[in-house]
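**Student:** Given the coordinates of chain C, assemble chains G and X onto it according to the supplied hints.
Top to bottom, those sequences are chains C, G and X. Quick note: to get our numbering, add 39 to the position in the first sequence (first position is 1). Quick note: to get our numbering, add 1 to the position in the second sequence (first position is 1). Quick note: to get our numbering, add 1127 to the position in the third sequence (first position is 1).
To be clear, the hints were calculated from the coordinates, so they are not data collected in a lab. Predicted model only: the values in this text are computed from it and were never measured. For glycine and all other residues, C-beta sits at the position ideal for the given N, C-alpha and C. There's no promise every hint is true.
Which chain X residues face chain G? A few, computed with CB under 8 Å, are given here [stated by the list, open to error]:
1) Leu1179
2) Tyr1183
3) Asp1222
4) Ala1245
5) Tyr1350
6) Leu1354
7) Ala1359
8) Pro1360
9) Arg1370
10) Asn1371
11) Pro1375
12) Pro1446
13) Arg1447
To be clear about the criterion: a stretch of chain C counts as covered by chain X if any three or more of its residues have a C-beta under 8 Å from a C-beta of chain X, and this derived list gives those stretches [what the hints assert, rightly or not]:
14) 135-143
15) 317-327
Below are the SDA-like pairs computed for lysine to any residue, each with C-alpha atoms no more than 25 Å apart in a straight line [said to hold, decoys possible]:
16) G:Lys66 to G:Gly33
17) G:Lys88 to X:Arg1366
18) G:Lys88 to X:Thr1361
19) G:Lys88 to G:Glu256
20) C:Lys240 to G:Glu113
21) X:Lys1362 to G:Phe200
22) C:Lys89 to X:Arg1255
23) C:Lys240 to X:Lys1248
24) X:Lys1248 to G:Lys88
25) X:Lys1362 to G:Glu113
26) X:Lys1362 to G:Ala187
27) X:Lys1362 to G:Ala179
28) G:Lys109 to X:Phe1443
29) X:Lys1248 to G:Asp70
30) X:Lys1135 to C:Ile247
31) G:Lys109 to X:Ile1136
32) G:Lys109 to X:Lys1135
33) X:Lys1135 to C:Leu185
34) X:Lys1195 to X:Gly1226
35) C:Lys89 to G:Ala58
36) G:Lys109 to X:Arg1365
37) X:Lys1248 to G:Ser117
38) C:Lys89 to X:Ser1262
39) C:Lys89 to X:Leu1363
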Amino acid sequence: MPAARPELDLTPTGTPAPVEAPPALAPEGEPGRRPARRSEFVYFAFRNWKFVAGVLLVLAFLGLAIIGPLVTDHKPLEFSGPTDAPPSRDYWFGTTSFGQDVFAQFVYGLRATFLVGCVGGGIAWLLGAAVGFTAGYRSGWLDDVLNMLTNVVLVIPTLAILIIVAAYLNVHSYVTEAVLIGLTSWPWAARAVRAQTFSLKTRDFVDIARLSGRRTRQIITTEIAPNMSSYLLMMFILLFGGAVLIGASLDFLGLGPSTSVSLGLMMNNAYLSSALLLGDWWWFLPPGIGIVAIVGGLYVMNVGLDEIFNPKLREK
Amino acid sequence: MSLRVDDLAVYYDSLRGAVKAVDGASFEIADGEIMGLAGESGCGKSTLGKSLIRFDARMRYVRGKVELDGRELPVWDDARMNPFRFKDVSIIPQYALSALNPTRRIGKMAAELLASRDVHLDEVLPELRRRLQLVGLPEDVLERFPLELSGGMKQRVVMVLSSLLDPSLLIADEVTSALDVSTQRAVAELLVEFRDRGFVKSMIVITHDLSVLYQIADTILVMYAGKLAEKATAETVVHDSRHPYTRMLLSSLPEVGVRYEEERLKGIPGRPPGLIDPPVGCRFKARCPFADARCEQEPPFCAIESGHEAACWKAA
Amino acid sequence: MIRYLARKIVIYLLTFFVAVTIDWAIPRFMPGDPIQGLLSRMHAQPESQQALTSYYSKAFGFDVPVWKQYLNFWVALFHGDLGVSIANFPTPVWDLIRGAVPYTLALLVPAILLSFWAGNKVGALAARRKTLDNSVLPASYILTATPQMWLGIVLAWVFATTLGWFPVSGAYDLSLQPAWSLEFAVSFLHHWVLPFLALFLVAFGGWAIGMRNMIIYELEADYSNYLAALGAPTKLVRRYAYRNALLPQITGLALALGAVVAGAIVVEIVFSYPGLGTLTLGALQNRDYFLIQGIFLFLIIAVLVANFVIDIAYVFIDPRTRIGMQGGS
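If we strip away everything but chain C, and leave its shape as in the complex, we get (with noise of 0.2 Å):
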């Protein structure tokens, strides 16, 4: 469950079916009829439409991170054109109220958009899978201690845990802002690494496993997360997103970095110039729809690769 969206949940379709179950179809009397594993997986995802769709719109975006910066000829805070001016030939999409280009904020925006997003995302991530696996694998005081943080990581509302710290951090980059955020977004995800890895804990091949005498970080590298290395994958989909809405929300409160651009940044800017009376809405519309569709197209992504995983989905 995102931070920002907890109402999204993995756990409605199931635990995608384990690395070693084959689907059930052509049985093994027809040798060389099925596909290997790994162009399995690629012959299912070019088929869902929901995951091709979410792919391709996030990698638009983060193609017009990359080369729109490029692309461009003015710098996103350069005061270099007529105030409050539309979309023209000059500038794609339109100037701001001091007559900063609006589409070169946008693609610099982006790029700090998908910045926090990995970075927060991404250390959530390592926190949530630590922590997670860790509790789930090893019963007894250790999982106490450990729960009992994430609990009380948990319930304290991100945003004003961040608020207070950004407050008085001054937030000089993107980075430490990501790094706030990764911070304080891991804990949903540590409790649902550590359900499923209870209940992975159980099976037989990791019996087998600590029998031989595998050494528990072993164990859990080698058996239990590359069983769930889809249900991983997702999670950091969800915390990806989840990470680019809190950043968002930091930098329209004014509390990111503010000597670079970023959309939250651009939305707080628009809003605080009045662009909404003065009807700018260049300025403001498109930040939020880049969120939108980064975003909207990473969770469209995951509900794709949910199926993708999913056997039980994928034939509907």
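**Tutor:** Just chains G and X, lined up with the frame of chain C:
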């Protein structure tokens, strides 16, 4: 009253083609008869059983006629089939252990189920209590939640509930498969008792375990790869079977008390054919030691002597 | 059961303790001196700065050692004293919060309850009707991916600035005073609609998706299949599925509270709605540390209490946990 099935075919739709799970089944069950339906996993016996009461989401009716007590059962039409369910045809499902709503007290769920079928709980409550007692369950089980019952208790609750309205035909789908041997015996004996007391008229007991069927079934129908192989009285099937598959199946059963020092346990080499593209002719020919050129043509399932049908050119 | 409750209480107390400590600690250990900031904004004369510094130090309790400040903080907290606002000196923080809370609640409570109810209902409907599913699902994904403040801006732009159907800021017409009158009520509602929608729509999307998935899962469960096999009408099967699907949604509600509160804050800012959000913005801009601390302490505690209530209530709602506590047979 009796059941008559005429050339019933039910396929599963899958991405790679139709799986011909049941491909032309014709048989009769007389009033008061317990027919065992046996075969290995994937032979279609569960599909056949389920198709007589309710089609799964992926099952597709292809052709065939089903008559119960002289009336045609519209198995292909979910809505028109509904009046027959529970009252004329009933089922003890394979998943009996999880067949009860976990958040509802058993008595309440039963009452609501019965009410929805226009049966007032008051009318059947004395009988329900009597039957619960018969199967060895305490009366207060109606006040409990499924969580509070053991697996065996839940199994028996489902047995009682499914047969509560005295159906003409009861389908018992793998009811003994998940149980230990002594409980298997108890459940099997209960099934016979249900028939003897007239709670149900006829029964189809689906299992892969021939030894259970030998104990309780009047007749046994053996299936292989979607087709019927042999049907005869239990005695005949076990001691005087004519179909090669049945013979090999029986000889691959270990005998209790016998030590195999001189011989090896015989299995049946090979695997059943895939059902998406089944072979032409007899489906067992690839593994049959007696197969010859004639087996390229599919043998009909017909009587080789009174009360004994088989689908094999050699059996006549 | 008692042990379970006791454990829960301990965890919540611990969380409360940690939250309060964080809330108190962070401003203390951050760079920057609040009093200097205040003085510079006051444009105080250099001669009076010394006197003012010592006055404020005493007023804000900076003149005692840190550990004593911490203890004083707890003592004050139990007296309901959240300190004094720096920017609005000498108004107590609690008074400012008290004035803003009703507006925030007016947005939050209906938004949470209605989005939960409507989202679940529509999600359940979408789960069983393919045509509805094809429209509800993409719409819900878009809604749940939308930042609330942006939706607020868009709604304001379309319905307020462009169409002029609704006002763009405030909670009521500035010419009116808050009073129990019809005129005020109408004005209040008029101003309330857009910010409410911004919160409601986003949350709705999330619940709809979640419920749809849960219903599909429940409709495929063994008990659903069994009921259908015995000829139960779809109405009964759906009713059971709905009740069972609601349970995890309720758990989700507890977890979603933090996010909804965050949304309310930013939406209020967009509409200059006089709730905690606008109060926060002002506090941040003025570097009013005590007010920020106070607001967040209030929010954290409110969310904690709500979580606790839902957590405990859930044990009684779900027979499985209730029975599990009492020990199954």
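**Student:** Now, for every hint given, state plainly whether the structure supports it.
**Tutor:** Here is what the structure says about each hint:
Annotation: Leu1179 of chain X was flagged as interfacial toward chain G, and the flag is violated, the nearest CB pair being 65 Å apart, outside 8 Å. Using the Cβ-Cβ criterion of 8 Å, the hint placing Tyr1183 of chain X at the interface with chain G is not satisfied: the shortest such distance is roughly 59 Å. Because the smallest distance between the Cβ of Asp1222 of chain X and any Cβ of chain G comes to about 47 Å, over 8 Å, the interface hint for this residue is violated. Using the Cβ-Cβ criterion of 8 Å, the hint placing Ala1245 of chain X at the interface with chain G is not satisfied: the shortest such distance is roughly 23 Å.
Checking Tyr1350 of chain X against chain G: minimum C-beta separation of about 4 Å stays under 8 Å; hint holds. At about 6 Å, the closest approach between the beta carbon of Leu1354 of chain X and any beta carbon in chain G falls short of 8 Å, and the interface hint on this residue holds. Interface restraint check: Ala1359 of chain X against chain G, minimum CB-CB distance 5 Å, threshold 8 Å, status holds. Interface restraint check for Pro1360 of chain X: the shortest CB-CB distance to chain G comes to about 5 Å, inside 8 Å, so the restraint holds.
Because the smallest distance between the Cβ of Arg1370 of chain X and any Cβ of chain G comes to about 7 Å, under 8 Å, the interface hint for this residue holds. For the restraint placing Asn1371 of chain X at the interface with chain G, the shortest Cβ-Cβ distance is roughly 6 Å, inside the 8 Å limit, so the hint holds. At its closest, the beta carbon of Pro1375 of chain X sits 12 Å from a beta carbon of chain G; the interface hint therefore is violated under the 8 Å criterion. For Pro1446 of chain X, the shortest C-beta to C-beta distance to chain G is roughly 5 Å, which falls under 8 Å, so the interface hint holds.
Among the interface hints, the one on Arg1447 of chain X holds; its C-beta lies about 6 Å from the nearest C-beta in chain G, closer than the 8 Å criterion. Chain X is given as covering the segment 135-143 of chain C, and this is violated because 0 residues of the stretch bring a CB closer than 8 Å to a CB of that chain, at least three being needed. A count of 6 residues in the segment 317-327 of chain C with a Cβ less than 8 Å from any Cβ of chain X is obtained; the coverage claim is therefore met, three being the minimum. A C-alpha spacing of about 21 Å is found between Lys66 of chain G and Gly33 of chain G, which places the hinted pair at or below 25 Å, so the restraint holds.
Of the pairs offered as hints, the one joining Lys88 of chain G and Arg1366 of chain X holds, with about 22 Å between alpha carbons and a cut-off of 25 Å not exceeded. Note on Lys88 of chain G and Thr1361 of chain X: the hinted pairing holds, with a Cα-Cα distance of about 17 Å set against a maximum of 25 Å. Only pairs whose Cα atoms come within 25 Å are accepted, and Lys88 of chain G paired with Glu256 of chain G is rejected, the gap being roughly 40 Å. Distance restraint check for Lys240 of chain C and Glu113 of chain G: the Cα-Cα separation of roughly 39 Å exceeds the 25 Å cut-off, and the hinted pair is therefore not satisfied.
Distance check on the hinted pair: Lys1362 of chain X and Phe200 of chain G sit about 29 Å apart at the alpha-carbon level, beyond 25 Å; violated. For the proposed pair Lys89 of chain C and Arg1255 of chain X, the alpha carbon gap of about 20 Å is at most 25 Å, so the pair holds. In summary, the hint linking Lys240 of chain C to Lys1248 of chain X is not supported, as the alpha carbons are separated by about 37 Å, beyond the 25 Å threshold. With a C-alpha separation of about 33 Å, the suggested pair Lys1248 of chain X and Lys88 of chain G falls outside the 25 Å cut-off, and the hint is violated.
Proximity of Lys1362 of chain X to Glu113 of chain G is assessed by CA-CA distance (about 11 Å); at most 25 Å being required, the pair is judged to hold. With a C-alpha separation of about 36 Å, the suggested pairing of Lys1362 of chain X with Ala187 of chain G is violated against the 25 Å cut-off. Annotation: proposed proximity of Lys1362 of chain X to Ala179 of chain G is violated, straight-line Cα distance about 32 Å (limit 25 Å). Under the criterion of a C-alpha separation no larger than 25 Å, the hint pairing Lys109 of chain G with Phe1443 of chain X is consistent with the structure, at around 18 Å.
Straight-line distance between C-alpha atoms of Lys1248 of chain X and Asp70 of chain G comes to about 43 Å, which puts the hinted pair past the 25 Å bound. Restraint check for Lys1135 of chain X and Ile247 of chain C: not satisfied, since their Cα atoms lie roughly 36 Å apart, outside the 25 Å limit. For the proposed pair Lys109 of chain G and Ile1136 of chain X, the alpha carbon gap of about 34 Å is over 25 Å, so the pair is violated. The hinted pair formed by Lys109 of chain G and Lys1135 of chain X fails the criterion: a straight-line CA distance of about 31 Å is larger than 25 Å.
A hinted pair counts as satisfied when its Cα atoms are at most 25 Å apart, and Lys1135 of chain X with Leu185 of chain C qualifies at roughly 15 Å. Distance hint between Lys1195 of chain X and Gly1226 of chain X is unfulfilled; the C-alpha atoms sit about 30 Å from each other, more than 25 Å. Only pairs whose Cα atoms come within 25 Å are accepted, and Lys89 of chain C paired with Ala58 of chain G is accepted, the gap being roughly 23 Å. At most 25 Å may separate the alpha-carbon atoms for a hinted pair to count; Lys109 of chain G and Arg1365 of chain X meet this at roughly 16 Å.
A distance of roughly 23 Å separates the Cα atoms of Lys1248 of chain X and Ser117 of chain G; the hinted pair therefore holds under the 25 Å criterion. Using a Cα cut-off of 25 Å, the hinted pair Lys89 of chain C and Ser1262 of chain X holds, with the two alpha carbons roughly 14 Å apart. With a CA separation close to 32 Å, the supplied pair Lys89 of chain C and Leu1363 of chain X exceeds the 25 Å bound.
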